[in-house]
Every structure is written in C-alpha cells, then in structure tokens.
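Engineer: Chains as they are written, first to last, in my numbering: chain P, 1 to 497; chain A, 1 to 140.
Hints listed in this document are in silico derivations from the structure and should not be mistaken for laboratory results. All values reported here derive from a predicted model rather than from experimental measurement. Certain hints may be false.
[Said to hold, decoys possible] Simulated restraints on C-beta separations:
id, chain 1, residue 1, chain 2, residue 2, range
1, A, R130, P, D478, 46 to 52 Å
2, A, W138, P, S385, 23 to 29 Å
3, A, Q39, P, Q139, 16 to 22 Å
Here a beta-carbon is modelled for each residue, glycine too, at the ideal position from N, C-alpha and C.
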Amino acid sequence: MAELGDRPHPPGDYQVVVVGSGPGGLQTSYFLHRRGINHALISADSAPAGMFQKFPFFQRLISWTKPYAPAERGTRAYERYDWNSMIGEEPEHRTLLPALMDGTSYFPSRDEMERGIALFVERTGLQVRYECRWESTRQDDNGFVLSTTDGEYRCRAAIFAMGMTRAWKPDIPGLELVPHYVETRSPKEYTNKKIVIIGKRNSGFEIADGLLPWARQILLVSPRPARISVVTRSLAGARARYLQPYEDYVLAGGTFVLDAALDHVERNDAGYRVFASGTTHPGDIVLDADEVIAATGFSTPLLDLPDLGVATFYSGRLPAQTPFWESASLPGIYFAGSVSQGSIGLKKYGKTGNSAAVHGFRYNAGVLANHLAQDRFGMTLKKRSLRPEEVVPYLLEEATTAPELYNQPSYLARVLSFNDDIIDEGILPLAHFVDSSGPDAVAITVETDDQSDTHPAVYVRRGARVDEHLLAGDQMLDFRTEEHKNQLAAVLQDVLT
Amino acid sequence: MANSDDIVDLIAGLALFADLSRPELEASAHTFDEEWFAQDQRILRQGFGGSNFYVILDGEAAVRINGEQLATLGRGDFFGEVSVLLGEVPTADVVALRPLRCLVLSGSEVQEFLTATPRVMFRMLQAEARRLRNTLQWRS
C-alpha cells in the first residue's frame, strides 16, 4: 500500500478542494488548473468515473455522441453533437469519444464512457487523490475544513461533485421491502415473471425496456402520466430510446403504464401485493407481482452539509444554488457535475437547462472556474475586445454554432459588455446576467418556446434595466441571415452608438 | 420533481388544493416541480416571456412593478397565472423577501392541470374574484 506522501494532493491548505472524480469533478479540476487555482481533487473511488462502472444498468448511456456530424469532429461547434466527450481548451486535451466507440450505436456504452474519462485524466495529467473519502465538514475563520479518511483539508471554497448517486425511495409503507433500481438483478432472473416498476422516469423505462424480452408482464406505476422527451422537447421526460414499453402499452401488447398513487406494498409467499389508487382514472388498484422494483430516483449524498446550513429542496435531494452553483444559503460551498442541476436558471417555458447531464455540466465547470478566479480570488482573466462592426455577426455566429448555448439553452449565454471598449465577457449564467447590475451589456442565448420555435433570445442591459428581445426563428437553426442581422442591429442600436 | 410525502402534506393544507383527494394530491405533487429561492432572488421577471405558475409553500415574496412594491405574498398564495392564462409577459416582478419555497408548473402545462383538476380551478377562480373585489374596493 502506498504511503500517504506518494499520492497527490495530501491533506493541507488549498484555495479550493474538489470532491468527486466523475466527469463533473474532473472537468471542474481541469478548468481550475487552467486558471491557476491551487486545489486538491479527492475521491472515495479507486479510479475515475466510478458511477459508469455500474450505471446505467442496461449498459448504454442515454446521451448521444455522433461520430459524423454537420460540424467537423474536434471543433468547438462539434461539441453540440457530442454529448459525452470531456472538453478541453487545447486540442490534445479533448477526449473525443467516437474514437473509442465501436460503431454499433451512437449511444456510448458504459465501458466506452469510462475509458473516455480515464483517457481525459491521462491526457490532461490531472492528479486525483483516490480512496480518500470525505467524511465531515466544518467552518473555520478562513473557510472550510473537510475531514477525510486521509486527514483534514482546509480551503476557502469547496466544490462538491459527488453526483446524485444515493438510491432514494419515498416514505411509503412497505417500500422498504422492495429492491431499488440499483439492486436490479441479472435480466435472466426475471424470466417469465410479472414485474411492477414504481416510477415512470428514465430509470423506470430503462428497466422496463431491458426486461421486455424476459418478463411475462411489466406494469409501470406512478401518480402522474409519463412525460416523454419528444413531447416536452427537453430532457424532462423519458427518452425516446426507452419508449418501447410505452408503445407496447398503447398497442395493447400486455405492458401497462398506470397513473396511480402508491398506498402500500405487502410481501407474501408468492411475491408482492401492491395497493394503489388511480389518479387519471380514479379507483382502487391491487396488483400482485412476482417482483417489484423501485425506480424512484436518487439523492445527493450531502453528509453533514445541511447541518452546516446548506438549504435543500426536492425532498432534501438537491442543494439550492445560486446561478454560479454556490449554495444559496452557505457561501463558499459550490456544486459541480450533475448536482449543479440545483441551480435552476430562468426556467423559461418550464425548462431548466441540462446541468444533470455531461453535455450541460461540462460547461458549467468552465464558467465556475472563471467565476472563482475573478470574483473569489481576484485574478484578471484575459478577455478579447471587439470592434463595433464585429458585434452583430459574432453574436449571430454564437447563436448558430456555440455548443454552450445549444447544450445549455436559455441557461448559459454569450455576454459582451460595452464600456470604453466592447469586451467579450465569455459564457455566463443567463440568470446571473439578467438579475445583476453593471455596465451596458448584451447576452445572447437560444431557446425553444412552447410552440416549438427555436430562436435567439437577446437580453440588453442599460443601467439597472434588462430588456428581453426575441429574434425570429429559423427552421434550419441558422441565424446568420440578413433578417437576423437587421433585427439584432436594431436591438443593439442604442448600446452600439 | 416535487414527489415527496411532505409535499403532499404541505399542499393538503393550502386552500388551492383543499378539495382534492389523497390520490389527486399525490398526482399534483408529482406534476409540479419544487424550487427554493434565496432572499432577493427574482422569481417572476417583468417583461420576460416563457414564465411559469407558482404556488408558495413557505416564505414571503414581494410583487413589484418598475421597482415599486405593490403587494406581498405568503404561504398558499400563487402567482404567474395571469401571464400564463393570457399568454402575455408578466407585468410585475416577484422577488423573494426571505427564503422562499415554491411549487412551479410550466406555463404550457397549466391548462391541462386545471382542466384535469376542476376543483383547483374553482379555488383559483375564487381567489381571483377576491383579488378583483379588493382592487375595486380600493379604487372606489
């Protein structure tokens, strides 16, 4: 066994400590390193991407990576079509997943994803202190102290990227007798069995889809009707690739998708008896089943952070966060990776961005590192200036090709400020921009409204006021037309003159 | 995202949901999302499209037009329905006066929810009638 001194990031004082070696923690560490922020990256796991060693249960991710896309592989524009690769500021740091995929699907396998993340660590030279488990947290005069299995880490800011990884069940009598999604066994063990799956989100449909060839009958149960991504036009809903059980249901193939509130579950010699009350169609429902699986979701293992003052919501499963992913109630505590979905954003048309997924939170990581560098540690970041005539074409090019704006629509925005010079402030959280004061500035993002029209949304700040301007949509999502140039020039007329 | 028993118990105590059966409360709790806002955070933004419908579970919020505070809202109050129902941008900001916990339903889902739960729609109509009456009394 290695001595403590042989491993990177020993206990001690750091500007920042990052907890977690999944894609969120690694991508955050990468950008902190690029900004020159002294930090330790610690992980309870023994290797990167621990979650992908187990989940998703049926092997393939639900996020796509397109080997061939309208943009050249490896360019920034290509990232819009590749939801799984780790991003880097230098070409040699990027780990493009298509190079590791076998071509049988544009959804990478767990193994391909795990190898991609490990390759990112290798290429970037990121140092991770593995098998160092964060156990408790306290505040002191200078910031925070994280107690770990290896000793104490002191820091001015801590970033938690541990993922929503803890199995969660609602408090329903008898549900404690039911295996959670994470305890799903080999499909063969469900041969010719009647299975009740509690939950109609992706994990519920994933299990149902995987067990269709094995089960005698599958029933999915939850109080509200299933939401489907192609209807919501967002990731809030079961993804299309898991919808075979739903088609089986609507074509009367034997699968049932029931809207019912669970009352309690009993265990008996034959298996289980599930008692529920119909919601869309009222009435008592009793289901006998050989197996029941609780696909009821996950929570964040926050340990003692709520006791320290971190406010949570969603039944305590997520920490409430500011637009820069800082705890809304305990400054200095930040979140990255899938936990960053606790920063809701503007939620226009009910959509919250894609911070739960790699293709969303990988951009949050860069924005967070810039924010910490400038606003917490007083660093000056190099920013480019633009000539007035460059502004309109640049913003429309961003609205057409920027991966940050397509993968985090109406959540992240490209921001330009107008002082003596026109400065590119980079990518910022839109919620921060519209609710903060500052110099005259413009932010552009893309959004899809409730009529399914995708268009650029422009926010112009003059003094203390921010106004919203929606540009025209375009079926091919190309906003570099004369019409858009004229529209945007009119919107920006006052700040450009 | 709001799918816990404590949400069901919380909304069972609100006038808006008072007439619902337990299964209907469960379905409602699963239909709405839950959000938590820090003090001074804007929830509804004057002049911004794509807004949602909110029900306050806990906390206090201010209604402001062009910065002038016109009203305060508390537990059980709801807001955002006018812009959702009329398909127009909000005419006021709603800002958290202290930490605020809300249920939120996207504007595009409001019609389906209200028609599926007419007893909530009736309670909402009653509340709107009270607001209209109070406004008329204030003007007279």
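Engineer: Compare the structure with each hint and give your call.
Structural biologist: Outcome of the hint check:
no., hint, in the structure
1, A:R130 to P:D478: 46 to 52 Å, "holds, 50 Å"
2, A:W138 to P:S385: 23 to 29 Å, "violated, 53 Å"
3, A:Q39 to P:Q139: 16 to 22 Å, "holds, 20 Å"
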